[in-house]
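Below are the chains, spelled out letter by letter.
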Amino acid sequence: MEYFLQQLINGITLGSIYGLIAIGYTMVYGIIGMINFAHGDVFMVGGFVSVIALIMFGITGGGGVFITLLALILVVLIAMIIAAAFNWTIERLAYRPLRGSFRLAPLISAIGMSIVLQEFVRVAQGGRPKPLQPIVTGGMEIMKRTSENGEFVVRLSNMQIIIVITTLILMAIFTAIITRTSLGRAQRACEQDMKMASLLGIDVDKTISITFIIGAALAAVAGLMFFLYYGVTDFYVGFLAGIKAFTAAVLGGIGSLPGAMLGGIIIGLIETFWSAYFTVEYKDVAAFAMLAAVLIFMPQGILGRPEVEKV
Amino acid sequence: MAGPAKDTKITQEQVALTPAEMAKDLLVTFLLALAILGPLVGLRTTSGSGTLILEYRPLWAFGMVAAVVAVRLLSLLYGMGKMAAQGRAAPQTAALATAKAKTAIDWGKFLAPTLLVLAVALPFIAMLFPQMERRIVDLGILVLTYVMLGWGLNVVVGLAGLLDLGYVAFYAVGAYSYGLLATRYFPAWFGEGILPWAFFVTLPIAGILAALWGMILGFPVLRLRGDYLAIVTLAFGEIIRIVLINWMDFTGGPNGVSGIPRPSFFGLPFDDSPGGFAATFGLSPKPIQRIVFLYYVILVLALITNYVTMKLRKLPIGRAWEALREDEIACRSLGINTTNTKLTAFAIGAMFAGFAGSFFATRQGFISPESFNFLESATILAIVVLGGLGSQIGVVAAAVVIVGFFEVFREMNFLKAILPEGFDPVQLRMLAVGLAMVLIMRWKPRGLVTSRDPTVYLKEKKAVSADLVGEGHG
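Just so you know, the protein sequences line up as chains P and A, in that order.
Each residue of the first sequence is one higher than the last, beginning at 2 in my numbering.
Each residue of the second sequence is one higher than the last, beginning at 8 in my numbering.
Misleading hints may appear alongside valid ones.
Partial pick of chain A residues on the chain P-facing surface, computed with a CB cut under 10 angstroms [stated by the list, open to error]:
no. : residue
1   : A40
2   : L59
3   : F117
4   : L118
5   : L122
6   : L123
7   : I223
8   : D234
9   : V239
10  : F243
11  : I246
12  : M317
13  : L319
14  : P323
15  : F381
Quick caveat, the hints were computed from the structure, so don't treat them as lab data.
In this text, all values refer to a predicted model and were calculated from it rather than measured experimentally.
All C-beta atoms, glycine included, are put in the ideal place defined by N, C-alpha and C.
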């Protein structure tokens with residue numbers, strides 16, 4: 002029971018991170034109907050920029066709680082801006098000229114861009130993993146059980162609290178943007194019918210650019226949190242995290258924002274429980290098999306609309 | 008969708024670009040380049056004294072930012088000139104395209120036989136350069152392996168229009184089939200005597216096993232289309248790789264399979280024994296003889312791939328593939344069995360990868376899961392894309408370009424002089440492959456060889472230039 006509870010906490014934490022990345026996939030797919038294959042790598046870039054900023058400011062977590070938190074907010078802002086610059090440029094260079102080209106063109110271009118980002122970071126920063134001492138430490142014990150095998154403690158670390166709370170805040174802000182602002186309205190309009198939206202005076206190009214910027218900013222937050230949670234990053238983390246987040250987006254229903262978050266948490270839980278109760282080596286196989294199963298058996302996802310094919 | 012209309016708008020804007028606008032554009036470019044290159048190039052994280060420290064490289068970052076801004080300035084100036092010129096030349100474009108297509112086919116008629124003769128003669132040409140002989144033939148083998156993989160993938164992506172990102176999985180199946188059968192099972196089943204023949208016996212088995220896997224993996228994804236299919240095939244490719252790494256008892260895990268027997272000349276080993284190849288033919292034994300033999304093996308395998316593909320294109324199944332690529336719904340309404348069509352495309356593509364995999368295993372003598380990662384799939388896909396989806400000769404050109412490219416990076420000693428200490432230009436090669444994929448999609452989405460022979464034609468054979476083909480469907 003205690004073991005289960007601990008895995009539940011870990012799974013939700015991991016799932017929140019996947020959910021934040023998944024939002025970027027689901028928004029882009031909703032509007033222009035393509036998989037932004039490079040999105041996972043934008044998440045990785047966000048993580049790397051965070052590492053650089055953390056070292057540059059000399060943040061070690063030794064100072065007070067307030068100072069550390071303030072510094073982390075500064076770091077995350079920098080990471081968000083730079084990741085947004087990346088994603089905006091990617092859209093302009095690699096995707097926008099291909100709108101209206103043949104079906105596979107944007108996807109192939111996106112795969113190329115993903116390789117470019119990975120290799121760029123590998124060449125510029127080196128291929129070795131980058132470990133750093135934990136910055137946010139401490140936590141609390143929720144439950145404790147003493148048995149003949151020793152004692153098992155269910156722990157909720159401060160980092161886990163930060164991750165879940167940040168995700169909740171971001172989701173609230175983001176939902177407000179989508180449902181309450183004119184930008185959100187424009188976005189929803191483009192999602193429904195891009196041509197009609199442009200006829201009604203919506204700047205479609207600008208809306209798409211902003212979608213990419215928002216997606217990248219959320220991915221950058223996820224990048225920093227992922228790094229702080231695991232304490233290590235490398236140029237390749239975006240590949241796996243990206244596929245899992247995409248699975249989350251599809252599972253929740255592509256195009257649906259609450260679906261992305263829900264899907265993220267489900268994927269996080271599946272991965273954590275698989276590692277805990279079965280084999281840790283095959284946890285990625287579990288995630289990939291989940292992706293295949295979802296796409297094959299319920300391609301519309303949990304909260305998505307069924308796709309209607311027009312001839 | 009909004010593509011063409013948008014382009015003309017850009018044209019007008021660019022023609023009317025004032026210096027102030029240009030300055031603004033350059034400023035935006037500068038800021039973006041600074042954001043993208045500044046932190047990641049200018050501040051390098053290195054491990055020192057137990058923790059990560061930053062190494063500052065401002066010169067690098069600013070040099071690259073300056074280069075980006077300069078390129079942008081040039082493209083703005085050049086773009087204005089080109090747009091103005093294009094406006095005048097527009098009416099002639101269609102006629103020009105037809106003329107171009109005509110010359111392309113005449114040229115193409117001689118190209119394929121010339122290349123074939125060149126390929127057959129390569130080992131003899133290499134003999135003229137004794138100190139480089141081995142290297143030339145090795146390169147030839149590498150190019151031909153990629154040509155074969157490209158041709159195999161072309162069946163799936165180029166003809167049937169199914170984007171397969173896990174193609175390397177079938178390559179792995181072929182390699183492991185040969186590796187495991189020849190090192191572990193054949194000696195146990197048939198005794199050591201079979202080993203010289205192992206390659207030729209296993210080759211068809213490896214092909215069949217790979218084709219079987221192609222069907223197994225193809226079956227669940229039949230209902231998926233386009234990018235969903237791509238992601239699922241990618242997932243399957245990764246699953247196979249993870250299983251290869253973790254199934255220690257069967258595959259040897261990360262250590263791979265070693266001591267895979269080298270091929271023999273139909274039973275005659277390449278060594279200095281009395282029954283060996285050299286002794287039988289009265290030659291002095293040299294290591295190059297085996298390399299040349301390997302070269303011809305892969306050449307024959309690649310030619311078989313090409314021959315089978317060309318023949319299949321003329322059969323109903325090949326026509327069905329191409330119809331499927333253009334429009335799946337129309338295909339189904341015409342009564343084409345899309346299930347069988349897709350499965351055969353997967354199976355045949357996978358079979359060729361299986362052959363290539365066996366060859367890879369016998370050539371290397373050692374295989375490990377590391378050789379079958381996603382980047383390998385992406386390289387093969389880049390070759391097919393670069394060559395023009397569906398074009399056989401384009402794949403050859405693209406394989407030569409990409410492998411040549413890799414080699415050029417290895418040879419560029421002058422680059423080593425300007426790059427930082429200890430930096431190997433070989434590291435840049437995957438970066439270049441990625442960039443090539445993006446650039447090709449932007450400027451030449453139909454690849455290097457854009458003209459395609461129609462498989463069916465009325466009275467006269469006309470090449471269809473890609474400029475005239477609507478790009479609505481893939």
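Status of the hints after comparison with the structure:
1. A40: It holds, given that the least Cβ distance between A40/A and chain P is near 9 angstroms, below 10 angstroms.
2. L59: holds (6 angstroms)
3. F117: Hint violated; F117/A Cβ to chain P Cβ min 30 angstroms, cut 10 angstroms.
4. L118: Since the shortest Cβ distance to chain P is 25 angstroms, the answer is violated.
5. L122: Given a least distance of 26 angstroms, the restraint on L122/A is violated.
6. L123: violated (29 angstroms)
7. I223: Because about 12 angstroms separates I223/A from the closest Cβ in chain P, which is outside the 10 angstroms limit, the hint is violated.
8. D234: holds (5 angstroms)
9. V239: Hint holds; V239/A Cβ to chain P Cβ min 5 angstroms, cut 10 angstroms.
10. F243: With Cβ-Cβ at 7 angstroms, under 10 angstroms, it holds.
11. I246: holds (5 angstroms)
12. M317: violated (23 angstroms)
13. L319: violated (21 angstroms)
14. P323: violated (24 angstroms)
15. F381: holds (7 angstroms)
The structure fails hints 3, 4, 5, 6, 7, 12, 13, 14 (numbered hints given earlier, in ascending order).
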